[in-house]
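Chains H and A supply the protein sequences, listed in that same order.
Here my numbering runs 238 ahead of the position in the first sequence, where the first position is 1.
Here my numbering runs 46 ahead of the position in the second sequence, where the first position is 1.
Calculated directly from the structure, the hints in this document are not laboratory data.
Do not rely on the hints blindly, as some may be mistaken.
No more than 30 Å apart at the CA atoms, straight line, and that leaves these computed lysine-lysine pairs for DSSO-like [unchecked claim]: (1) A:LYS64 - A:LYS86; (2) A:LYS68 - H:LYS349; (3) H:LYS274 - A:LYS86; (4) A:LYS65 - A:LYS87; (5) H:LYS337 - H:LYS294; (6) A:LYS65 - H:LYS305; (7) H:LYS305 - H:LYS274; (8) A:LYS99 - A:LYS84; (9) H:LYS306 - A:LYS87; (10) A:LYS82 - H:LYS337; (11) A:LYS87 - A:LYS64; (12) A:LYS87 - H:LYS337; (13) A:LYS65 - H:LYS337; (14) H:LYS337 - H:LYS306; (15) H:LYS294 - A:LYS86; (16) A:LYS55 - H:LYS337; (17) A:LYS84 - H:LYS274; (18) A:LYS82 - H:LYS308; (19) A:LYS84 - H:LYS308; (20) A:LYS65 - A:LYS55; (21) H:LYS308 - A:LYS65; (22) A:LYS86 - H:LYS337; (23) H:LYS306 - H:LYS294; (24) H:LYS306 - H:LYS349; (25) H:LYS308 - H:LYS274; (26) H:LYS274 - H:LYS294; (27) A:LYS55 - H:LYS274; (28) A:LYS87 - A:LYS55; (29) H:LYS274 - H:LYS349; (30) A:LYS87 - H:LYS274; (31) A:LYS87 - A:LYS68; (32) A:LYS86 - A:LYS65; (33) A:LYS99 - A:LYS55; (34) A:LYS84 - H:LYS337; (35) H:LYS294 - A:LYS87; (36) H:LYS349 - H:LYS337; (37) A:LYS68 - H:LYS337.
Values in this document were obtained by computation on a predicted structure and should not be read as measured data.
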Amino acid sequence: GEDVEQSLFLSVREGDSSVINCTYTDSSSTYLYWYKQEPGAGLQLLTYIFSNMDMKQDQRLTVLLNKKDKHLSLRIADTQTGDSAIYFCAERYMEYGNKLVFGAGTILRVKS
Amino acid sequence: DTEVTQTPKHLVMGMTNKKSLKCEQHMGHRAMYWYKQKAKKPPELMFVYSYEKLSINESVPSRFSPECPNSSLLNLHLHALQPEDSALYLCASSQGTSADTQYFGPGTRLTVL
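Whole structure, please, built from the sequences with the hints as guidance.
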């Protein structure tokens with residue numbers, strides 16, 4: 239079935255690394271996404287990874303994928319106060335019109 | 047340019063009103079989406095248009111009526127809504143190919159009185 243799960247809350251100090259975790263369920267090849275949502279705003283695409291990859295790095299962001307455990311993580315290096323937001327993991331169901339199924343979202347709070 | 051625009055930013059309407067939400071993209075994308083997001087919840091898919099044809103309707107009540115007049119525009123017509131329909135309505139678009147990353151607009155905050 240469709241189920242994407244995330245840890246709900248993370249608090250870090252400015253300058254530390256943040257790691258947000260997600261698990262997904264689809265067993266076929268798929269794309270997995272990380273979106274950021276600030277209060278009152280839409281979703282900003284941060285990065286994505288195809289399920290046959292292990293890792294993707296984009297500036298301060300590193301995505302790690304463990305296909306066996308269907309576990310995805312987003313690491314933010316040198317976390318800043320501007321990184322405070324809700325982070326959504328999403329899985330794309332390519333057999334169903336590219337429908338995105340989102341996790342519940344992780345609230346990241348960065349303390350200065 | 048990865049911009050999706052939505053109007054209005056905020057909308058307050060009564061249960062007997064008829065209103066429309068608008069979404070526009072000029073990225074040449076051929077798939078467009080409507081999502082509904084309640085407070086403190088993730089977005090939930092409502093409709094998908096692919097090449098201007100409705101391809102997915104996630105069992106949305108008929109008081110929500112989507113329309114895709116051309117490949118750049120997506121409307122959501124609202125009629126006889128209920129207070130529980132109050133939410134953030136997000137539009138997204140994607141290329142419509144296998145590398146189909148969805149880009150989201152800022153949303154319309156809808157309040158139904």
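Taking the hints in turn, this is what the structure says about them:
no.: 1; hint: A:LYS64 - A:LYS86; verdict: holds, 27 Å
no.: 2; hint: A:LYS68 - H:LYS349; verdict: violated, 38 Å
no.: 3; hint: H:LYS274 - A:LYS86; verdict: holds, 14 Å
no.: 4; hint: A:LYS65 - A:LYS87; verdict: holds, 24 Å
no.: 5; hint: H:LYS337 - H:LYS294; verdict: holds, 23 Å
no.: 6; hint: A:LYS65 - H:LYS305; verdict: violated, 45 Å
no.: 7; hint: H:LYS305 - H:LYS274; verdict: holds, 23 Å
no.: 8; hint: A:LYS99 - A:LYS84; verdict: holds, 27 Å
no.: 9; hint: H:LYS306 - A:LYS87; verdict: holds, 28 Å
no.: 10; hint: A:LYS82 - H:LYS337; verdict: holds, 14 Å
no.: 11; hint: A:LYS87 - A:LYS64; verdict: holds, 26 Å
no.: 12; hint: A:LYS87 - H:LYS337; verdict: holds, 17 Å
no.: 13; hint: A:LYS65 - H:LYS337; verdict: holds, 26 Å
no.: 14; hint: H:LYS337 - H:LYS306; verdict: holds, 23 Å
no.: 15; hint: H:LYS294 - A:LYS86; verdict: holds, 29 Å
no.: 16; hint: A:LYS55 - H:LYS337; verdict: holds, 25 Å
no.: 17; hint: A:LYS84 - H:LYS274; verdict: holds, 16 Å
no.: 18; hint: A:LYS82 - H:LYS308; verdict: holds, 27 Å
no.: 19; hint: A:LYS84 - H:LYS308; verdict: holds, 27 Å
no.: 20; hint: A:LYS65 - A:LYS55; verdict: holds, 13 Å
no.: 21; hint: H:LYS308 - A:LYS65; verdict: violated, 42 Å
no.: 22; hint: A:LYS86 - H:LYS337; verdict: holds, 21 Å
no.: 23; hint: H:LYS306 - H:LYS294; verdict: holds, 17 Å
no.: 24; hint: H:LYS306 - H:LYS349; verdict: violated, 34 Å
no.: 25; hint: H:LYS308 - H:LYS274; verdict: holds, 21 Å
no.: 26; hint: H:LYS274 - H:LYS294; verdict: holds, 17 Å
no.: 27; hint: A:LYS55 - H:LYS274; verdict: holds, 19 Å
no.: 28; hint: A:LYS87 - A:LYS55; verdict: holds, 19 Å
no.: 29; hint: H:LYS274 - H:LYS349; verdict: holds, 18 Å
no.: 30; hint: A:LYS87 - H:LYS274; verdict: holds, 13 Å
no.: 31; hint: A:LYS87 - A:LYS68; verdict: holds, 23 Å
no.: 32; hint: A:LYS86 - A:LYS65; verdict: holds, 25 Å
no.: 33; hint: A:LYS99 - A:LYS55; verdict: holds, 26 Å
no.: 34; hint: A:LYS84 - H:LYS337; verdict: holds, 18 Å
no.: 35; hint: H:LYS294 - A:LYS87; verdict: holds, 27 Å
no.: 36; hint: H:LYS349 - H:LYS337; verdict: violated, 35 Å
no.: 37; hint: A:LYS68 - H:LYS337; verdict: holds, 21 Å
Violated hints, in rising order: 2, 6, 21, 24 and 36; the structure is consistent with all others.
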